[in-house]
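Student: Starting from two chains that each stand alone, build the complex the way the hints lay out.
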Amino acid sequence: MTERGFPILSTAGLTVTTAGGRTLLRDVTLQIPAGRVTALNGPSGVGKTTLLKCLNRLIDLTPSVRVTGEVRFAGDDVRGGGIDPDDLRRRIGTVFQQPVTFPGTIAHNVTFAARKIGLIAKRDEPDAVERCLTAAGLWNETKDRLRDPATILSVGQQQRLAIARVLAGDPEVLLMDEPTSALDTRSTAALEETIYSLKNTKTIVMVTHHLPQARRVADWVACLCPREGAGELVEANECELLFDAPEHPGTVEFLSCCSG
Amino acid sequence: MLTILCTFAALFALAILVAMIAIVVIRGAGGLSWQFLTTDARNAGAAGGIVYHIAGTLLLVLTAAAVAAPLAAGTGIISHFYLPPGRGRRAIERLLHALNGVPSIVFGLFGLAVFVRFLGLQKSWLAGGLVLGMMIVPTVTVAFTEKLRAIPRANIEAAFGLGLSRPHVVTTVILPQSAAGLVTGVLLGIVRAAGETAPILFTAAIFAGATLPRGIVDSPVLALPYHIFVMAQDAFDPAMTRNLWATATVLLGIVMTFSAIALPLRMRLHEEARHD
Chain A
1 MTERGFPILS
11 TAGLTVTTAG
21 GRTLLRDVTL
31 QIPAGRVTAL
41 NGPSGVGKTT
51 LLKCLNRLID
61 LTPSVRVTGE
71 VRFAGDDVRG
81 GGIDPDDLRR
91 RIGTVFQQPV
101 TFPGTIAHNV
111 TFAARKIGLI
121 AKRDEPDAVE
131 RCLTAAGLWN
141 ETKDRLRDPA
151 TILSVGQQQR
161 LAIARVLAGD
171 PEVLLMDEPT
181 SALDTRSTAA
191 LEETIYSLKN
201 TKTIVMVTHH
211 LPQARRVADW
221 VACLCPREGA
231 GELVEANECE
241 LLFDAPEHPG
251 TVEFLSCCSG
Chain B
1 MLTILCTFAA
11 LFALAILVAM
21 IAIVVIRGAG
31 GLSWQFLTTD
41 ARNAGAAGGI
51 VYHIAGTLLL
61 VLTAAAVAAP
71 LAAGTGIISH
81 FYLPPGRGRR
91 AIERLLHALN
101 GVPSIVFGLF
111 GLAVFVRFLG
121 LQKSWLAGGL
131 VLGMMIVPTV
141 TVAFTEKLRA
151 IPRANIEAAF
161 GLGLSRPHVV
171 TTVILPQSAA
181 GLVTGVLLGI
191 VRAAGETAPI
201 LFTAAIFAGA
211 TLPRGIVDSP
221 VLALPYHIFV
231 MAQDAFDPAM
241 TRNLWATATV
251 LLGIVMTFSA
261 IALPLRMRLH
271 EEARHD
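Keeping their order, the protein sequence lines are chains A and B.
Numbering (our numbering) for the first sequence: 1 to 260.
Numbering (our numbering) for the second sequence: 1 to 276.
Next comes chain B alone, as it looks inside the complex (with noise of 0.2 Å):
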């Protein structure tokens, strides 16, 4: 019976990501088009395309990377490497689960606050990545620390038999053994980041009169989820809609690109870490 309850839950989780794959592709497939990817949009996105909403949301997701990878890298050395096991590590630890569940919303009114108000920085790519960035720093530092529990402790430990110091071993033989975890990592914190709509949208998300930013402070950006979000809200022309969908493919598209190179990677580091 267990078995049986088990096979069902397992199936309709499932269905539920078919469904939605399907739905969202059956009716945005028929607004794609070469034209829709390579164009400015135009009538408040009822014609025209979203090349700026792609290139938008892949300047801040790239951005939200730069932000997190150091963060994160540093946030795993000190916790695995400098610090010993006990209350800090652990104390670090639930940190990084706390930071992880803070509600996106709360991240947004946060930039807000800090980067576009109190730094200046206005609405901007800049600010929305920094606020993206620090919301993905607990899904880059997992993935990152899993790699550096799976490093031998014996190549540490002849690392330090050969008289290298604690930086010098993080340099010559940390870093690079565990810098495919950081990689997997910065890809898995992308695949959240650009689907994300709450923290840019006090940030850096404007809906139209946006192209590439020329500048850092009150240079906000088109986006992709910014865009379906608004769209959603007001889409009573089919023209509209059909956009509305085919963005939403488009967006469906970068994350799962993005999920398909990451969690094939993400599932070897984590039986590299189970077999240390």
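Here chain A stands alone, though its shape is the one from the complex (with noise of 0.2 Å):
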């Protein structure tokens, strides 16, 4: 178990081309703080979703791409032969931008993959579900309706059922992927109550485009920006500081664009 504070994940000169020969992410050395929600900044291309990838080896299912450099989740090397990636995925969980369901019920839905998996027995799927479901903020708004499909859901109540899904794999990190961009503006603030709660268990990397949102949930910050067509990570800092006082020019640049 990492300390609280200390790196879990790292990269070192990361670099992803694809096959045609185009770089998308270049040389993007990072450390994630344990037990913190680390926000992933910078404008719209330039490879925070392959960034976010590469740390659970998820870009594996991304044909004709090519990674180079290292990633380490708790001191292992995440591309070493010791490392079962399905193994990794659950203990670096993944919620996507736009909310997924599965055919079947919202308990269905919660556990459907840690049952699979063997991490949950079928006598204690009910004990499980509520559980993660409370952790993920939606146990008071589904509890009477846990047999009804969970495409009845609103979109939001999806993104936090999504959630409540990764959270019974008991992952280490939870990796977010702009979580509250399809969400109006109350789903996005029940969103950013759940991952405010869940910061105290749990590692969250989330890539964000909204700056505000950033401030109110995130304590450190990275910012990524295009350099010659590719995605390089230009500063890392405690949100208040990097916010505050920027002192890469590309960081300065996409600030003052956000906020004005």
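Don't read these hints as lab results, they were simulated from the structure.
The beta carbon of each residue, even a glycine, is placed where N, CA and C say it ideally should be.
Possibly wrong hints are sitting among the right ones.
As the list claims (entries may be wrong) - The calculated label-pair distances, taken between Cβ atoms and stated as ranges, are:
#1 A:ARG145 <-> B:VAL114: 53 to 63 Å
#2 A:THR68 <-> B:VAL114: 44 to 54 Å
#3 B:ALA91 <-> A:SER64: 13 to 23 Å
#4 B:GLY86 <-> A:LYS143: 43 to 53 Å
Tutor: In structure tokens form, the structure reads like this:
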């Protein structure tokens, strides 16, 4: 278990190129502290999602990209031979931009993967459903309709359901790729509250374009900017410091664009 | 001018279908009765009914479906889920096209050589079902892969993001969400297999003397298309001619029933795949 505040995830010289030779990310060296919320900021198309996918090897599912450099999780090289990518993805769960619901009930959506992997026994399923939905801030809204199809939930609720589903796998890290971009203000506030409550127990890495949101929920911010067509990490710092006293011209420009 | 020519072509194609159905039904309707559908044939098909021919045909197509479904599911999943887009996937698609183009009489000869003789099944419903099953694999696979393509990429990525292994993703996400495509493909395959004579000519069907099979080896069946094939060559007796057309009407009815279920599903799958 990595101690709170110490790096749980790190990259060194991480570069991602397509088969056509286009560089998506260049030489990204970053440390992500345990038990904190880290926001990845930067303009659209700069490779934030690609960086996120490299952290738990979801990038392996994208054909024709080449990843070089190093990604370490709790000290282990995630691309090394001793790492099982499926187990890695369970330990570093992902919540996507668009909420995904699977056919079946709300309860089934929470536990189906954890049950398949063997993390939850059938008899423990009701407790697990309650625990995960509570942690995702959705229990009160769904406790009376757990047997209803998940598709009846609003988009905001579906996104929190996706978080509950990831939590059922008991991950150490949650990767969130613009989790509120499809949500209205009220749902965004509910989700931010969920993120805020989770940061005591999980490490969270969140891609967001929304600077006020990053200010509200993040402890640490990494800013990526484009250079010669590829995304590069230009600055990473404590949230307050990066927003109030940015050092890199790219960060200054991005912050002024977004706030202006 | 082009519009007129195209309209004419479309109407001509429709007219062929309508005329074919009309001729078969008009000639065959007189011979249809409950007794015809529920009794065994007598006097070399000139009297009696076709109950065992219907049973034999259904047994053959159901066996074919049972053979084709897992083969098509495996092929579809390998080509669209395990293989990356590229040469391997294209090679499988080309092989399926090639298999689809193999004349049915060649399938029959293959079945004779492999199942009837080499494996020693003799003329039997299983040998016929295996040959028909192999023949409809491309049809079933194409319908199944259309449904596979329609599964949102986000669902698959989300399943992997939960730590599910590839086989787990197949069983929990891919198969449940593509089962309708497999069912549609099987129905379309049955439509094709039900009317085939050549593949069962040497492998499964006899003209008379069989009821329901009591074993696997050397257990031939009666079948509607083969019955029509033989009677059409020797039908000088008016009673036999009447029964020939009545049998053709029943076969057409079976095929049209499966088509009526399968085609709307197929169109829906096609739309889903297009809008993915």
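Student: If a hint holds in the structure, say so; if it does not, say that too.
Tutor: Status of each hint after checking the structure:
no. : hint                              : in the structure
1   : A:ARG145 <-> B:VAL114: 53 to 63 Å : 56 Å, holds
2   : A:THR68 <-> B:VAL114: 44 to 54 Å  : 50 Å, holds
3   : B:ALA91 <-> A:SER64: 13 to 23 Å   : 18 Å, holds
4   : B:GLY86 <-> A:LYS143: 43 to 53 Å  : 48 Å, holds
Checked against the numbered hints listed earlier, the structure breaks none of them; every hint is satisfied.
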